[in-house]
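Residue numbers (UniProt numbering), protein chains in the order written: chain A, 1 to 562; chain B, 1 to 562.
Note that these hints are calculated values from the structure, not bench results.
Be aware that one or more of the hints could be misleading.
Identical copies carry no separate label here, and so any pair may be met within one copy or between two of them.
What the hints assert, rightly or not - Keeping only pairs whose Cα atoms sit at most 25 Å apart, straight-line, the calculated SDA-like set for lysine to any residue is:
| hint | residue 1 | residue 2 |
| --- | --- | --- |
| 1 | Lys180 | Leu380 |
| 2 | Lys88 | Thr53 |
| 3 | Lys385 | Ala418 |
| 4 | Lys88 | Ala439 |
| 5 | Lys37 | Lys385 |
| 6 | Lys379 | Gly356 |
| 7 | Lys385 | Arg467 |
| 8 | Lys443 | Glu358 |
Protein chains: 2
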Amino acid sequence: MTTPADLYASHRELLERAIAATAAREYWSAFPESPSKSVYGEDAAPAGERAFTGLLGKQFPVDVPGAVGTVSTERSPYGIELGVSYPKADPLALVAAARATVASWRAVGPEGRAGVAAEILRRINTRIFEMAHAVQHTSGQAFVMAFQAGGAHAQDRALEAIAYALAATTRMPDHSSWSKPQRGGEPLSMAKTGTVVGRGVALVIGCNTFPTWNSYPGLFASLVTGNPVIVKPHPGAVLPLAITVQVCREVLAEAGLHPDIVTLAAEEPGDGIAATLATHPDVRIVDFTGSSEFGDWLEANARQAVVYTEKAGLNTVVLDSTADYRGLLRNLAFSLSLYSGQMCTTPQNLLIPRDGIETDAGRRTPEEFGADLATALDKLLGDPKRAAGTLGAIVNDGVLARLTEAAGSPGVVHPSAAVTDEQFPGATIRTPVVLRLDAADEKTYTREWFGPVSFLITTDSTEHSLRVFTETVRAHGALTALVHSTSPQVLAAAREAALDAGVHLSENLTGGVFVNQTAAFSDLHGTGANPAATASLTDDYFVCGRFFTLQSRHHVAPVAAS
Amino acid sequence: MTTPADLYASHRELLERAIAATAAREYWSAFPESPSKSVYGEDAAPAGERAFTGLLGKQFPVDVPGAVGTVSTERSPYGIELGVSYPKADPLALVAAARATVASWRAVGPEGRAGVAAEILRRINTRIFEMAHAVQHTSGQAFVMAFQAGGAHAQDRALEAIAYALAATTRMPDHSSWSKPQRGGEPLSMAKTGTVVGRGVALVIGCNTFPTWNSYPGLFASLVTGNPVIVKPHPGAVLPLAITVQVCREVLAEAGLHPDIVTLAAEEPGDGIAATLATHPDVRIVDFTGSSEFGDWLEANARQAVVYTEKAGLNTVVLDSTADYRGLLRNLAFSLSLYSGQMCTTPQNLLIPRDGIETDAGRRTPEEFGADLATALDKLLGDPKRAAGTLGAIVNDGVLARLTEAAGSPGVVHPSAAVTDEQFPGATIRTPVVLRLDAADEKTYTREWFGPVSFLITTDSTEHSLRVFTETVRAHGALTALVHSTSPQVLAAAREAALDAGVHLSENLTGGVFVNQTAAFSDLHGTGANPAATASLTDDYFVCGRFFTLQSRHHVAPVAAS
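Given the sequences, and given the hints that come with them, work out the whole structure.
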């Protein structure tokens, strides 16, 4: 048997490197993002695809304590038949099973738990091609994006959470000596212990679009801080998390631990077991990614738990001026198109002054900018094959309905078009729609239009844009913000505005970095400082609420006479 | 002018030493606890007393923005006339004044804020004798205890909070470089900033018994993490916090900062401004010490804020066996008597097996143990002068009413008696009452009897005691727990039980350390893991919810062609 201590020893170097990376915040990655043969080996791609197709149309092999029947709820946005079924969860049985593991998981200690978690990650990484197919056919992400965001980047984010959790749970020593000098006598001397105790049963509620990337930080942070975790996938994206739970249970069992430390909670759409689980008295930690509506409900109702939510917001771009107009357009067009804007980080509101912006190609009015952006989108998405690789597929009918509503509204600057995919003719693929609005149309643009819908909004001035930015983000939240300006004064004002709004700011992105992407170990995702999210992925705040340090103390000889 | 940067420079060594102490958790103290002339100087004691008496019967000199009239609400438990009046707060004016300071306080940065906070502490320490009189005549603590708990130990706890806040807000660098290699091209390079942003206006709600010790951690943690703080004292203990706020404003103004970063919110009893302030949308942090009733209300209603509460609980002693029976009795008698049990850490429930405990003085039945404990109490409190110095005075009528109720109940093992103080004939001083109960009398002992009331509770066995301990503390909370046993198995079981109950454990205290005392930089106070408190004083969790780190990022040349 490979014990947790053995796993810690074998992954110790990686864990220490990861902790150092969280402190330095320079570029670092543990899991290669390139699906090339030179990295993952000659056979990795076909083997991963075989593994994926081998799962289709079958009962997925994962044990679920107290399961009652099966469910099969997924539909590929690429139109292929999935037909994978999963044990249907009984929420009370899952909570009871998780509770029964608490004391033994606590006894493993932080290092052992981090060792187990790192080994889980290593094994998930060996299944990265299989995982990429699973993410592609549940989220609608194009394959390469699914490989990166759903595979390597999700694994990096997981390792980051493990590193934060390990650092936070070992910052206080497990043993210490205390010796207080006494006037005219022996010192008072005590030996003290500090034991990390998890808060209780943890629940992770996954989303449809990023089943792994958005679930891993909470899952691994809760695990390493000593909590058993119930993983509740979105009914539309079960497979990536089922594979994850399968690997978790495998590694736990091999390390001599109870596999029920991680369990899968699959349900029929509408069963509502997320609410049942999240408000159970023994569930003490909830991680959620998804709609503002259910996120707000969880924050209001899961009162017995600490609740980490990542919801929706009004991602904003402030356009003031640029020295690289082509770069700006190219970069922005890609940001709007990537995964059809189905990212919580995709810009929605583009603010531009009424009298236009100064650029290296001359002053551009809002009308001209709209036309130029449409041209840039058409250029980016002109070739159907390349378009499909960038856009991915529309994940579900909710996104399609919003796109249809927006496409039928007045002021269309760039219409949405259907794109046909060669490989998957049944895929639902659409280009983004951009509409023109005025700053007065706040009823429209302060709603969140998750999906490929953006607004080019005319304001009185850049100062007005910054005011709209701060006020709308303070009120409705945002995960990202971008400013384009050549003026140091405007950039300084934009930074102050972003601090007031409580959102991270990207400045003058004209190259290969996009506002909707964040890098593990360097960029925080979300802030906690606006309504879009209660915490950052990942910082100390994200992990510290998941555990307590409990002390014991006793005298060691000599005890001074009193 | 001495800038915040200057203050940081002059206190840097102290701050670094303090941060090191939080990590080592060995004995360390920055502020001497001895009121002797050799430590604080020949004139310190009389000068402090003169300063205190100089405040009596007058308007306390502190500016309060928007104040409306004055209040004078304190009554000395020692029977002397205080007659100090304070500006009466207008809660909305205080919140507005605090909000107006947010951006400038944010701009000072973590080090500057820690420098300001350390300077505040240094000046409070120079007024330690004056503060001790202020704490004595509002809380009823005897002078030496007021000097220590209300003076030096409170200052150590404040420095500990400053150290945690400074460490947590500087763990992520304020500037970093990110450079991602690109296949066949220049790396993608970005410069990134990280800015600490406070959560918003902070509110500290003080208590009657430990106005400084319990308020300082929240006050200083909020300040250093970038939040303006409104200090709302208990109407019965305003003076110690008025002095504190006065010093804060003085130091802030001298450093060129807005004094409204710290304000005083004095009220008439029953005005209820704590509730008004705590639920104001701009108040984003609440620290509270006091009753479970109002603490629970705050947790349920101050939804826009993070709420740190320290409430009440069932502090428990599990008696199994001892090798030092005299030491046990002496130590326990002192713990029950110190400040008349008016500590959130005083033991209330003493659990003893029906067939007694094994001791070095032979087996002692519950009856015998009760008689021996009564004798130990009488011995400790036999001399009125020494008794007064240990007991202090009864803080208010609520405590007196509970004592009277308990004293009239059946099963009295040690009756409460009045003690006369030579120096303050008007003081209300009482010895503790101990009652015998059975494990079945849970209706009585699962209530919290804050004050000098304890129960000797007969159980079936030590195993039963540990079960009662875990179940009652899980349900009702506790701040302390103590076990006496010579059996390694029982001690191990007690540690597991304490981990399950979520409470810190002291073992076999028979010397000069008492279960109701914790040492800054070594012992945590409260855990967060049971209903008595939401957090520990002080750990990372206590400070991390008070701020966010907001990033900005921009390319640095060269930008790779995309």
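Using 25 Å as the alpha-carbon threshold, which applies to Lys379 and Gly356: within, between, both, or neither? within (23 Å within a copy, 87 Å between copies)
Quick one: Lys385 to Arg467, C-alpha cut-off 25 Å, is that within a copy, between copies, both, or neither? neither (41 Å within a copy, 67 Å between copies)
Regarding Lys385 and Ala418, is the shortest C-alpha distance of 25 Å or less found within a copy, between copies, in both, or in neither? Within one copy only: 13 Å inside a chain, 91 Å across chains, cut-off 25 Å.
Measure nothing new, just compare the shortest in-copy and cross-copy C-alpha distances for Lys180 and Leu380 to 25 Å and report within, between, both or neither. This pair counts as between: shortest inter-copy Cα distance 24 Å, intra-copy 70 Å.
Given a CA cutoff of 25 Å, do Lys88 and Thr53 count as a within-copy pair, a between-copy pair, both, or neither? Close inside one copy (22 Å), not across copies (73 Å); limit 25 Å.
Could you figure out if Lys443 and Glu358 sit no more than 25 Å apart (CA to CA) within one copy, between two copies, both or neither? neither (29 Å within a copy, 76 Å between copies)
Are the CA atoms of Lys88 and Ala439 at most 25 Å apart within a copy, between copies, both, or neither? neither (48 Å within a copy, 44 Å between copies)
Measure nothing new, just compare the shortest in-copy and cross-copy C-alpha distances for Lys37 and Lys385 to 25 Å and report within, between, both or neither. within (22 Å within a copy, 85 Å between copies)
Consistency note: the structure conflicts with the earlier hints numbered 4, 7 and 8.
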